[in-house]
Amino acid sequence: GESVGLHLPTLSVQEGDNSIINCAYSNSASDYFIWYKQESGKGPQFIIDIRSNMDKRQGQRVTVLLNKTVKHLSLQIAATQPGDSAVYFCAENIDQTGANNLFFGTGTRLTVIP
Amino acid sequence: DTEVTQTPKHLVMGMTNKKSLKCEQHMGHRAMYWYKQKAKKPPELMFVYSYEKLSINESVPSRFSPECPNSSLLNLHLHALQPEDSALYLCASSWGVGENTEAFFGQGTRLTVV
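The listed protein sequences derive, respectively, from chains S and U.
All residue numbers in the first sequence are consecutive under my numbering, ending with 114.
All residue numbers in the second sequence are consecutive under my numbering, ending with 228.
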């Protein structure tokens, strides 16, 4: 598989603060990236995506930044809430023989302190 | 309906048993996936079906046998598994192969091999 790694395995933030989760990827051919949130006992839940022709995308309280020069992806969560506590995965999509193929990074566990 | 439904939620099986995991989606997605997730690890891709045909097999042992009876259903047949195969098995679907869109995940089947 391809290498998609995260800089920090755990992150603790105070409720109301902003959170930043980072991700490095190694395949310059990756053209599409997704952030997923996974709560305990559940499947991954889509948060936000970004295509390689963009460097920033915003959603509700979340922003994804893509720096293709250094192959770096980040997820910013504004005004972090206790419900944001979960494991966050970045995933890169590489077209292989015409098929989409999602490779997941190691994951970062976000803990929000009330 | 934006759900991917997996059954059963939990499964305990012996090493000589034959069992099947089932996955269903009614979003009109034409690509379906099986992932395996060990504890505290990211999901790992096993199989990709595109338009009901197997397009990717990530070197998965033959004791795992996927089947796609129609565009809404995906099965994973299990036979002669080992204890190390115990994991969360996740099904996902997306609009189509070759299109950059997010994959929607089910809640998974927690499999224990004894």
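Note that these hints are calculated values from the structure, not bench results.
We treat Cβ as the ideally placed atom computed from N, Cα and C, and that holds for glycine.
Where hints are given, some of them may not hold.
[As the list claims (entries may be wrong)] Think about it this way: if two alpha-carbon atoms lie no more than 16 Å apart in a straight line, the pair counts; the simulated EDC-like pairs of lysine to aspartate or glutamate are:
#  : chain 1 : residue 1 : chain 2 : residue 2
1  : S       : Lys68     : S       : Asp31
2  : S       : Lys68     : S       : Asp84
3  : U       : Lys132    : U       : Asp199
4  : U       : Lys154    : U       : Glu117
5  : U       : Lys155    : U       : Glu117
6  : S       : Lys71     : S       : Asp31
7  : U       : Lys152    : U       : Asp199
8  : U       : Lys155    : S       : Glu39
9  : S       : Lys42     : U       : Glu117
10 : U       : Lys152    : S       : Asp31
11 : U       : Lys154    : S       : Asp31
12 : U       : Lys123    : U       : Glu138
[Unchecked claim] Where chain U lies over chain S, by a calculated footprint (3+ residues, C-beta under 8 Å):
#  : segment
13 : 37-48
14 : 105-111
[As the list claims (entries may be wrong)] From chain S, some residues computed to sit far from chain U (all C-beta separations above 12 Å):
#  : residue
15 : Pro9
16 : Asn18
17 : Ser26
18 : Asn27
19 : Asn67
20 : Gln76
21 : Ala78
22 : Asp84
* **Assertion that Asn67(S) lies farther than 12 Å from chain U (Cβ)** => holds, 19 Å
* To do: Given the hint that Lys154(U) pairs with Asp31(S), test it: the Cα-Cα distance must not exceed 16 Å.
  => Given that 16 Å is the threshold and the Cα spacing comes to 27 Å, the pair is violated.
* Asked: Between Lys71(S) and Asp31(S), is the straight-line Cα distance small enough, at 16 Å or below?
  -> holds, 11 Å
* Nearest-CB test (12 Å) between chain U and Ser26(S) -> holds, 15 Å
* Can the restraint linking Lys154(U) and Glu117(U) be considered satisfied, given a maximum Cα separation of 16 Å? -> violated, 24 Å
* **Minimum Cβ distance from Asn27(S) to chain U greater than 12 Å, as the annotation requires** => holds, 15 Å
* Given the hinted pair Lys152(U) and Asp199(U), is their alpha-carbon gap at most 16 Å? -> Distance of about 9 Å is within 16 Å: holds.
* Asked: Should the label of Ala78(S) as a non-interface residue stand, given a Cβ cut-off of 12 Å to chain U?
  -> holds, 21 Å
* Would you check the hint for Lys123(U) and Glu138(U), treating anything up to 16 Å between C-alpha atoms as holding? => Distance of about 13 Å is within 16 Å: holds.
* **Reported absence of Gln76(S) from the contact zone with chain U (all CB gaps over 12 Å)** => holds, 19 Å
* Asked: Mind checking, does the segment 37-48 of chain S have 3 or more residues with a CB under 8 Å from chain U?
  -> Answer holds; 6 residues pass the 8 Å Cβ test.
* Given the proposed pairing of Lys68(S) with Asp84(S), does the C-alpha separation stay at or below 16 Å? -> violated, 27 Å
Comparing the model with each numbered hint stated earlier shows that hints 2, 4, 5, 10, 11 and 15 do not hold.
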